Amino acid sequence: MTDTDTSRSQQSDSPLRDATRVANQVIENVEQVIVGQHDAIEHIVTAVLGRGHILLEDVPGVGKTMLARSVAASFDGEFKRIQFTPDLLPTDVTGVNVYNQKTQEFEFRPGPIFANVVLGDEINRAPPKTQSALLEAMEEQQVSVDGTTHPVPQPFTVIATQNTVEQNRAYDLPMAELDRFMTKLHLGYPDEAAETEMLGDVVGHHPIEDLTSVATLEALSAARETVADVTVEEPIRSYATRLARYTRENAQLGVSPRGSISLLRAAQARAVLDGRSYVIPDDIQTEAPVVLPHRIRTESSEQDARALVAEALDTVYVE
Amino acid sequence: MSAAVVERVRRRVPWSGSRILALLAAALAIGAPLRTMYYLSDVVGDPTLFLALTALSLVGATLLARVLRPPLAVGVGAVLFAGGLGAYILNLSTNPAITELLGDTAALLTGRSLLQIAKVRLWVLSFAPAPVFLTWYFALRRWYVTATVAAGTALAFFALTTDSGVVTTLLGVVGIAATIGFGTLDTLSADEPADLTKRPDAMSGSSETGQTDDDSEGIDAGRRAVLEQLAAIIVVPAALSQVPITRDSLLSYDDGSDGQTVEGSLFDAGESLSVLGSISLTPEIRYTVESEEPRYWRVASYDRYTGNGWVRTGNPTPYDDQRLDSPEGETRTLRQEFRAESTIGTVPAAWKPVRYSGEPSVSVSSEGGFQPDGTLSTGDSYEVRSELLVATPDGLREAGTDYDDATAELYTQLPDSTPDRVTERTAILTANAENPYETALVVERWLQESKGYSLDVDRPDFNVADAFLFEMDEGYCVYFATTMVTMLRTQGIPARMTVGYTSGQRIDENQWVVRGLNSHAWVEVYFPGQGWVQFDPTPSGPREAVRQQRIEEASSDESSPTVGDDNPVEQYTPSDTSTPAPLTETDETEAEPTETPTVTETDTPAGTAREPGSGDDAGPSLPELPSREEMTLGVVALLGIAAGARRSGLSGRAYRAVWLRYQRRVDPETDIERAFQRAMYVLSKEHRARESGETVRAYLDAIGADDRVRRLAALRERLRYGGEVDEAIADEAVEIADRIVSAR
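Chain order of the listed sequences is A and B.
Each residue of the first sequence is one higher than the one before, starting from 0 at the first, in numbering that gives the first Met the number 0.
Each residue of the second sequence is one higher than the one before, starting from 0 at the first, in numbering that gives the first Met the number 0.
Hint data in this document are derived by calculation from the structure and do not stem from the laboratory.
The structure presented is a predicted model; accordingly, all values stated were derived computationally and were not measured.
Think of the CB as a built atom: it goes at the ideal place given N, C-alpha and C, for glycine as much as any other residue.
You may find that some hints are simply not true.
Partial selection, computed: residues in chain A whose CB lies under 10 Å from chain B [as the list claims (entries may be wrong)]:
1) V231
2) E232
3) V278
4) P280
5) A311
6) T314
7) V315
8) Y316
With beta-carbon atoms standing in for the labels, derived distance ranges [unchecked claim]:
9) B:D700 x A:D171: 35 to 45 Å
10) B:A701 x A:E30: 25 to 35 Å
11) A:R257 x B:T669: 33 to 43 Å
12) A:V95 x B:R709: 54 to 64 Å
13) A:R296 x B:P69: 38 to 48 Å
14) A:D171 x B:P69: 50 to 60 Å
Kindly generate the complete structure, drawing on both the sequences and the hints.
Structure below.
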């Protein structure tokens, strides 16, 4: 069979190894552009493999968009970018039905959401109605326009960014919608050495313009399959449950079961990244700080939610 | 198997372990008084009704615990109690019933046995439901302390009436303490949500792991503390009872009855009598009697048979110097004068006494004899006039069986647990007897001839009469008399157990010396129209020999040719010949120093005289084999000691040492897990314990573990989270663990 040839040409002997290799190639590729954000890149790749969506939040200018573009460029799929503004309409995201004079029929013209990787820039600047067009696609993997549903291409990943400054001119995402992002990342400023290095890299020719894709869509789909097959034994499941229950007991609103599912999926992807076919407690501990906090409403700010998750990881019994 | 049952119950009922323990303890707490009540109702008849009533109360409590609110339940309990009280009062035959009830209650609370209450069966049936219902209801409702109040009240009542033996009482106390202890734990664990920072219960499959010691504190430690306290309750008094000073007081409490015996009752006219094991005799002088003819000097009789002892029911009435009723049949008068030669609590007299005069005031016992209100001191004397029944054998043969109801009910009572074989054997023996008199004669003769006389016997565990009839070859008078009464009662013939003294040693024409060793037990049988007639099933020959020997031993250095005392029948005809009476010696014999009875080593043929204070070989009143209750106590005590050892860390350390060094191979999965735990234990000792939220990898990084340990952790990780396991991996894991442990 021809399949045998192709797989041999990729020097693969197991789907797990393939998946691990794909993930690491993407990470390496992105690191050519983004300096000093190794952990964040790993988290993003993990979320992509775990069939999740990513929300990047931080002050402007730390490379959120650059990071998202780099990840998108590493796959050979279609990449679209939507700049969210206060006057953006839902149809600007989803697309519209246009009357075709020749065929005398309405014809669907897909919006920017129809892509394998969608970058939603400054998502909190658009009104809720527009936001929800994006969120429906994220959750349902489909878009409804004028009563007709159109499936989005597969694989499908949304990387959204939002600013933490200018809060008064933003529409903060409600909890229910935040919940749909698997991972919420804070990039933070690079450290001194990394920042210096980055400045040297970008002043002349920006490296992103040279970035090529390192993984095919097929490879990504296969890796996602592999991730879904990763073993999650009972001790791991009950550990995730205990963590979720701890947050529920210690916050106004704790982690929902959907949150626990996301945590386990992220942990599965993390296991693949590490070359394992099973999840260990360390995977959970690595992913929990980016998967859980945005699902928790404490009495005050989000900083507390992250502290609460750290506290849960510290005290909840791990086998 | 029981573990499997517990497991199944636990799966169906989401009860915590503490709850189950608390309920078991509550069952024990109410079980102790129930056991006493069962015993009481068994003694006087069929306990089936009692059992049914108890079961009904339990079921009712179980059902109502779901629906009824506590204040209403207290109401139900009060109604049950009042109902019982009403039923009891309505059925009392005497009038006014309230007076008797109050009198009885006062007597009960001051140490009178419930067995002495005439309607004890009715009493038990009336009062059983309320405490059973309340205890079980509140235990199910988790009001454990309230539950123990109900059970404790019942238990305390029976402890006051002395019906509840020391072991049963202790069991009840243990049950109460355990109910409160485990109940508190149960309430605590019910209120508290599961602690997420602790190892969850569902995962305690590998409970022998290194961390459990730290993790399972709390509830488990609480349970251990409860067990330790229970053990203290049991062990401390047991240890104290070995201290010589306190020993006797505890021993006397031993058998569940007064511990009084014939000699005991001879001193204070006790209301009950328990059959003991081996006894010995004392030659001490009790009375000198002046009488025209020798008789059995009767002290008291008992009507209620408990299986291992006797009880006299009814209350004594004050003697008002009136002449008492004489027997229905033809009688002649005998005048006797008694002089006490030691401090003693009885006024013996020939049956049937009708008139008394003397210093010590007396009462009339329920069966028609005299008993002193206090004790007689040495030198006290009194005079009794008795009406002796003059009955011919023919007259007795023709007396018939027309008993009045009260007599028949009182004097044919037998414990329901009396084996049927007693009845069958008696029926076969007396098949040819045509009337009660012949039956009595046959039984008397048969016992005299087929059983030997010995003071050295092992006390039977259950029914004395049954054991003596079928399992023992010899015994002394108490055994003979008890057995004869039982046998006659199985045939519907009213009979009772009587104790007193034989006539004693003749020292003068009309003078008799009665010693402790003359104490005796015999049988009285009732004949309508005649009265009570005495029978003595004890073989007289061997008894005399034993008695004589004892007297000679006692007075050997006085060279006093003492005279064997005779039973009246022998004495009648050849009285002078049999006793050539070295009358000169009399004074000396009388002058023999008479010690106070309480310090004597007295034990009398009649039964034993296990007086408080007698420290000799008189009889093992401690049971030879531990009873079921004692076994239970022993188990609880052992558990408590084990818990204490565990808390002190002894057993834990010993177990850990073995656990660490020796790994038994089971299956690869268990082996790997255990090898890992052994290594982790060593690491926790060398570095620090892994913290609650710390993963194994993080821990190994933190302590800078070497590659061997990491390899082992990786193997275990593959097993635990990847489900990957085989023999080779297990071998490697165990080998690594062995090396880590030995390199320690």
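Hint check results:
At its closest, the beta carbon of V231 of chain A sits 8 Å from a beta carbon of chain B; the interface hint therefore holds under the 10 Å criterion. Residue-level restraint check for E232 of chain A holds (minimum Cβ-Cβ distance to chain B is 5 Å; threshold 10 Å). A hinted interface residue such as V278 of chain A counts as satisfied when its beta carbon comes closer than 10 Å to some beta carbon of chain B; here the least separation is about 6 Å, so the hint holds. Using the Cβ-Cβ criterion of 10 Å, the hint placing P280 of chain A at the interface with chain B is satisfied: the shortest such distance is roughly 4 Å.
With a least beta-carbon distance of about 8 Å to chain B, the hint placing A311 of chain A at the interface is held under the 10 Å criterion. Because the smallest distance between the Cβ of T314 of chain A and any Cβ of chain B comes to about 5 Å, under 10 Å, the interface hint for this residue holds. With a least beta-carbon distance of about 5 Å to chain B, the hint placing V315 of chain A at the interface is held under the 10 Å criterion. A distance limit of 10 Å between C-beta atoms decides the matter here; for Y316 of chain A the minimum to chain B is near 5 Å, and the interface restraint holds.
In this structure, D700 of chain B and D171 of chain A meet the distance hint of 35 to 45 Å, their C-beta atoms being roughly 39 Å apart. Under the hint 25 to 35 Å, the C-beta atoms of A701 of chain B and E30 of chain A, about 28 Å apart, fit the expected range. Here the CB-CB span from R257 of chain A to T669 of chain B is close to 36 Å, well matched to the stated 33 to 43 Å. Our hint of 54 to 64 Å for V95 of chain A and R709 of chain B holds, since their Cβ atoms are close to 59 Å apart.
Under the hint 38 to 48 Å, the C-beta atoms of R296 of chain A and P69 of chain B, about 41 Å apart, fit the expected range. Distance hint check: the CB atoms of D171 of chain A and P69 of chain B are about 52 Å apart, consistent with the given range 50 to 60 Å.
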